[in-house]
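Chains C and X, in that order, are what the protein sequence lines are.
Note that our numbering gives residue 359 to position 359 of the first sequence, counting from 1, and the numbers run on in steps of one.
Start counting at 1 in the second sequence, then tack on 971, and there's your number in our numbering.
Rather than coming from a laboratory, the hints here were simulated on the basis of the structure.
Keep in mind that the hints are not guaranteed to be accurate.
Derived lysine to aspartate or glutamate pairs resembling EDC-like cross-links, with alpha carbons at most 20 Å apart [as the list claims (entries may be wrong)]:
hint : chain 1 : residue 1 : chain 2 : residue 2
1    : X       : K1361     : C       : D7
2    : X       : K1347     : X       : E1382
3    : C       : K20       : X       : D1240
4    : X       : K1347     : X       : E1317
5    : X       : K1439     : X       : E1391
6    : X       : K1261     : X       : D1329
7    : C       : K250      : C       : E273
8    : C       : K770      : C       : E787
9    : C       : K386      : X       : D1271
10   : C       : K386      : X       : E1371
11   : C       : K658      : X       : E1133
12   : X       : K1439     : C       : D382
13   : C       : K500      : X       : E1488
14   : C       : K342      : X       : E1311
15   : C       : K506      : X       : E1129
16   : X       : K1324     : C       : D7
17   : C       : K21       : X       : E1436
18   : C       : K506      : X       : E1375
19   : X       : K1355     : X       : E1311
20   : C       : K4        : X       : E1375
21   : C       : K22       : X       : D1240
22   : X       : K1347     : C       : D7
23   : C       : K386      : X       : D1440
24   : X       : K1201     : C       : E775
25   : C       : K4        : X       : E1371
26   : C       : K500      : X       : E1133
27   : C       : K56       : X       : E1133
28   : C       : K403      : X       : D1240
29   : C       : K56       : C       : D446
30   : C       : K296      : C       : E327
Partial list, computed: chain C residues near chain X (C-beta under 10 Å) [claimed, not checked]:
hint : residue
31   : L9
32   : G31
33   : L32
34   : L52
35   : V57
36   : M318
37   : R436
Since the structure is predicted, the reported quantities are computational estimates derived from the model, not experimental observations.
Even glycine gets a Cβ: it sits at the ideal position worked out from N, Cα and C.
This is what each chain is made of:
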Amino acid sequence: MDSKFPDQLFPVFYYTGPPKKKADCPVHAWGLHGHVYGNDSGSAEVADWSFLAQRKVNGPTWAPVESIVAPLLPPKSVNKWSSRHLPSAMDFPKHMQNFYLYKSEDAFSTMNHLLEDHFDFGSGELKECMKKTTVSMKNMERFMSSAKFIKCPLKPFEKRASLYNNLLGDVIHDIPPGLLGELLYEELTLQREEKQFNEVATGGALGFFLISTSNTSQEGCLVYPRKAALNSLNFHKVVVEFQENIPRPKFMNKPINYGVNGTIRQVSVGPMEESVYVGVRTDYNCGVWVATSAQKPQPLDVVNTQERATCLTVSPHMPGELLVASESGVAYLWTVGRSLQKFREEEGNLYFNAKSPWRWCDFSAHPRVMLYADRTGLELSDIRSKETCSHTVFRIGATSGCKSGERVILSRYLCNVNTHHHLVTTQHSAYIMDERFPCLPMIKWDHMMASPPMFAQAVGTASQHQNTVILGSQSSQELTLLQYSGGNAVAAQVLGAPQKLSCPMKSLADLPVQIPHRQKNVQERLTVPAAGIASIYYDKEESLCVLQLSEVGDIFYQTLRPASQDSLQAAHKEMLNEDSVTEQSGSSPQESQESVNNPRTNIVSQSKCKIVSQSDCPPETSDARIHGINEPCVNMILNPLTEQEDVSLSKDIPRPAKVSKATLLKWKSWLNVLRNGQRSTPRYSQLHWTLKTKDHFTFDGKPRDILGKDQITSLRNNMREVMEKKSVLTCGATSLSPPEVLPTPHPVDTQSWGDDLSQRLSVSWEGGWKDWWEEKLGLNREKRIEELRRKRRRLKRTRGPRVALSGSFTTSASYQSDLDGWSSAVSDFGGQDPDLDSSTFSGYLSTQEDSAEPERTGRVLQHEPKGSKLSSEEKSNVTLSRNKAKMPKDPSQEGNPKAPKQLKQDYMSALFSSQEEVVDAGTEGTDFFFPMSLSSQVSSISNSQRKPSLGPFSQSSQSSKQGKKRARMGF
Amino acid sequence: MYATCVTLKFTRRCGEAARIADRFNRTVRPSPALGGMITNGCMLKSFKVTEEKGNPLPPQREKKPKTSPCVLRCGTAYGNLLAMDDISAEWMTSPVRDCGSDNDVSNDDDDEDDEEEEPIRKRSKWPDLPIPAPWYGETSKETGFHRSSRLCLNQIRECLLEHRWQEAAEYLISYFQTLEEISTPRQLLATEIIFRLGSEILHQHPNSKLEDVNHFFDLMKNTGVRGYLKISLEHSFHLLLTGNFDDAVRQLTTAESWRYGKQSAVQADKMKLIHAYRGFLSYLSWISKKGSSSEDDDGDVSAIQEMHTYFRQACISLQEILKLPGVWDPFVVGYVNMLEFYNDHEGALNVLKEYAYDSRFPPNPNAHVYLYRFLKRQGSTEKKQIRVLKILGALVPSHELMLELFSLLLESGTEQSLKEALDVLFNLLDDCSWKHSVAAWTCFRNMIKLLRRKKLKHLLEEGWETRKDWWPAFHFRTYHARADFQLSRQLLLMKVVVASTLVGNKCMYCRRKNELENEREARRMIKTHKKRKR
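Isolated chain C (complex conformation) (with noise of 0.2 Å):
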């Protein structure tokens, strides 16, 4: 079948000339069916007519089993792995200071030893003749340690600094700094430019060839470098096996190793006939195994290149045949047990000058003509004449679409896929070059890659109708799945859009999360470059392994199958079962760890919630469902959705988001042996002064939990539920016992203690300490009498002919300046009521409240409230009283008439110290209920009036003194 050549081929302008595009619109791989042509069905009506695109827009699209890579290796403990930290070329001031601060031996030795003699220590007396000659090593000192090697050192001693470089600066260096200075950034801007792109590797590392097949399992050999430096080839044997439907690869037996002289930088494997070829390339040494199915591999020979060796290949025809290309520009025909034949030599670029000494060569069809390629372009030369002749196959220009600046980073013949196609590829796009039609690319995509891709894998499937091209690059460890079909009878059509398989770095996302150190560490490991890849094609089941090899020699893999419509229905329907569990279950710490770990997945989350709030009637993907979304919002409007949109959407998912629990175990033992292998500690860190503390806190052991394991389950139970009704855990929804009830103690009964002590303490306590005094002393004699004979008076007044409320009121006025709203309540309630008396009025009062009597010296310390109403306001109004001489006044008490009167008060209060005040404070309480005493009265009203109204207490306060207004209005 390969033999035939492609009826018709697609239209297409042949243009000449440089590359004219520009790098610009970066969307080429999308939207755009290429050419079309009829396909002569041989019917006469137009709506029989087939057309045939370019790019054949749906086409069979592979679907990873599972959304991540899985490890094939435990890690080799490698003990320092560079970070993908790109060194800039600026920094070379830095890595100078660093040389000369931590290297001082090499770049100071040599002037060291000659002006030992003139530097003094201090250990021993001077002779005369050195003195001048010398320098204390104390000033130096200080000289030095006020430097600091901060930002400029030198600056606080410019003047002696530049005069010391003066006198010096050519001579104390052992290395010029000028040459240093270049040497380094030169240095720096090669270790840049491998980073990013690291040529040496062209080709990868890896190889497999196939040994037996069966009906259940496949098994090959895995060809891999190992140990740190990479120069150890490892031929294992691979079974790959079905379980549970699911492709697997395992190791079997032990590797069998050779160690190579060097970093192994490609691994070329030819077909498997009687035996099998493996060409191993280093730097300056290529080395070729024979292996058959039943022997162990066995070294061969081994070449030695002058320059550095850019590609080997092993020839898919001729056995022992093999093409070697070095950075000299010469290729050589190298047939095991003979020495190499060259057969082409070309000093300069094939077709313009990309000064690059990279050369690469392949086989062709004809076993005698090869091909030979370096940045420029292919060119098939024939290496039975003697003269170079020559034909181009692919050259970078207009012809095949180029951009400009585009390069070809690797071109593969693909043998296996047809004899007489060629994969090239460049930074921004693939081609399939055709030999016997050269120039003209038969397929071109745009691979969308970020880095170049070097290397690549190409599958014929079973079908032979469809062939999948695999793209590795370097540095971003991407791996682009694209596919073509046809070529023989009919032209080659681009099948589908280019589809990006998993690599290692985005796997962390999807593993169970680690201490933050922990984390950084693996994520560093995963961000290795890639060093290789090698494909697994099982054709009985269709599946495809595809494995990627790491630069300190991880290998990962990950299965792809076809995605046919039932299997992605299956999966859909089953991503909803699962999800549908997980929601129940509330987020799982996957999911958790999901949206920290992937801000992709976080936002699209977030991005539909929002659109799923907006709109009204939201046709709400199973998107949402996958990423886990838990709110409530979400999950109401999901619920609804009928079958029609799930099976609308099975083909828009090819991707599984499970992850199953083999790979999950794999990585974990894979993080358990790398962390194992993490024990020594970098070189620069300095272990921290720790204090131990382990005997001074000496632990029983005995738990401190006396409550069970279920006891405690339940507990936790409960809380959930509480949680999610929002509401407040008490003791009765609980299983556990109600806590006991302290009982509060008695009051104190102060009346027991008759001594003058104990009563003076418990009336301080309740603030009548000046008062006792005053009545222990007899200061308040004169005071008492006038209020004995007040009292008799007003008993006599009782007794004797009724007088009018406005005589009792005005003597109580012409007294007391200003009267407490409730003493004016009181005299109201007598206008009101004139049978009541003030004493039955009083009885009334003390019935009610239930208290004791009003007595200084007996009282009852007793602050437990009435009401707890009453107590708070209580409270309050102590506290405010407490603070009145700062307080600002009441603007419903400015403007009252008596408001001077009740400034002096507050000035005689503020100048009887605290004492007054608590006076005032203990005694409203009671006062305000038994406005007997007059002193007490007289606090009790500058307590109401001063206070701000709060509660209902002080409204009903001023709703009295309203009343009060009115009855005096009245008069």
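Assemble the complex: chain C is given as a structure, and chain X must be docked to it using the hints.
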């Protein structure tokens, strides 16, 4: 709200964006509620994306910074930096063979210590590969609007690469805002990007319908005139592939008459393609008319006339495109077909010869194949046919028509032609695609017989001389014997004859063949024995 300001300024564009978004909405989600949102310009703001920082570029052409006093001189380093790959030097008509000299191009100022620095320069290799500047990377002067649109585009790309069409569609709805871009180049780019992404999503999305695609194409056509022709062509392709032949013709006819000021080179080429495809479709209509009229036998005059109109239309368009260098296989086939129908053999031959032999055209094997087939149909002389096939053979020695050439040469019978026939055969079998072809090996066996008969075995040896060091390994290994035997016994038998003639009777292939034959014989014996027993 930058976007809102832009909205006010560019209401026309905004309306466009909204219309496109609306159409898109209807496809990717039935609810039209989002359509209005886009005009308000708040969609881009509503999503936050983690920034993917592209690799920062190497510090090319940077000025020497002021560094610590210890760095005295690093002029050469910078000099070398400036000597980095120059794109203008990319294309040279004559390849420059002296690679080493380029490094010195810019080192004008420090020639005094060139020799000393030679080892250093050799050690450091300047970047030989222009790694593409990540177009999605952050730029220094970036407004918030640009930043969010860039991030949005990255998201769409990610989604498309992972084949998540629905998600991509949702992002794209936000991305329509970039149509509000002020600067013309950016806006053109945005149109192109939206067209590409939008049509891809519409092609792939399970919910998309033909009307949606049509409408989207129509809207995109008029969003910036530059893309009109391209989108029209693409639209007609889409219609063709979905079986709407007449609509496709209509599309192309409209596009044909489109005029807009000055055309760029790309647009001119697109216009030519549109003409060509228009002609090609006319040809297809012509074929259908031809088929229907031939069914009616006599056919009415109007049908014939209509057919003739189609012919003329197709002729004019196809003639034009065939003058331009390119691969025009379907067009050539159609044109020649029509010319042949109207008995313009001369014209057809000219067209084919032009197509095959014009040096401006790429070396297309099919051009020679068409010419050969035409000659064969016309019954021209064998000599002419052989000449055409020989040219084809020089281009593609492994072409399947080489077997016909072989038989043609064989027929002529002269020694010279026999030698040529043998060469053709040898060349054919050199190619690994013919390795297992029974037909080719049978031809070889017949050839050997013929040569033996004619006592011209020296011809065989001549051909063998250049191949004897590698053919045994290429064709006649024991492995091949087994593989061929499994493939077909016929092949094995043919090859054995050739191998014994060329390599000798005791070659590995022959020995292995004998073993296999013996085995087979033994097996058959056992079988017959068993049968007899029964």
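Evaluation of the provided hints:
1. X/K1361 / C/D7: holds, 19 Å
2. X/K1347 / X/E1382: holds, 15 Å
3. C/K20 / X/D1240: holds, 14 Å
4. X/K1347 / X/E1317: Holds: X/K1347 and X/E1317 sit about 15 Å apart, inside 20 Å.
5. X/K1439 / X/E1391: Cα-Cα ~19 Å, so holds.
6. X/K1261 / X/D1329: violated, 32 Å
7. C/K250 / C/E273: Violated. C/K250 to C/E273 sits at ~24 Å, over the 20 Å cutoff.
8. C/K770 / C/E787: Distance of about 18 Å is within 20 Å: holds.
9. C/K386 / X/D1271: violated, 68 Å
10. C/K386 / X/E1371: Measuring from Cα to Cα gives roughly 29 Å; hence the hint is violated.
11. C/K658 / X/E1133: Judged against 20 Å, a Cα distance of about 15 Å means the pair holds.
12. X/K1439 / C/D382: holds, 16 Å
13. C/K500 / X/E1488: violated, 51 Å
14. C/K342 / X/E1311: Violated, at about 53 Å.
15. C/K506 / X/E1129: holds, 13 Å
16. X/K1324 / C/D7: This hinted pair holds, its Cα atoms lying about 18 Å apart.
17. C/K21 / X/E1436: Not satisfied, since the Cα-Cα distance of roughly 49 Å exceeds 20 Å.
18. C/K506 / X/E1375: At roughly 56 Å apart (the allowed maximum being 20 Å), X/E1375 and C/K506 break the hint.
19. X/K1355 / X/E1311: Between X/K1355 and X/E1311 the Cα gap is close to 19 Å, so the pair holds against 20 Å.
20. C/K4 / X/E1375: With Cα atoms ~14 Å apart, C/K4 and X/E1375 stay inside 20 Å; holds.
21. C/K22 / X/D1240: holds, 18 Å
22. X/K1347 / C/D7: With Cα atoms ~16 Å apart, X/K1347 and C/D7 stay inside 20 Å; holds.
23. C/K386 / X/D1440: holds, 16 Å
24. X/K1201 / C/E775: The given pair, whose Cα atoms are some 113 Å apart, is violated under the 20 Å limit.
25. C/K4 / X/E1371: Within the cut-off at roughly 6 Å; holds.
26. C/K500 / X/E1133: This hinted pair holds, its Cα atoms lying about 5 Å apart.
27. C/K56 / X/E1133: holds, 18 Å
28. C/K403 / X/D1240: Measuring from Cα to Cα gives roughly 18 Å; hence the hint holds.
29. C/K56 / C/D446: Since the Cα atoms of C/K56 and C/D446 sit roughly 15 Å apart, the hinted pair holds (cutoff 20 Å).
30. C/K296 / C/E327: violated, 33 Å
31. L9: At 5 Å from the nearest chain X Cβ, C/L9 passes the 10 Å test, so the hint holds.
32. G31: Result: holds, 3 Å to nearest chain X Cβ.
33. L32: holds, 6 Å
34. L52: holds, 9 Å
35. V57: Cβ of C/V57 sits 4 Å from chain X, so the hint holds.
36. M318: holds, 5 Å
37. R436: Status holds, d = 4 Å.
Checked against the numbered hints above, the structure breaks hints 6, 7, 9, 10, 13, 14, 17, 18, 24 and 30 and satisfies the rest.
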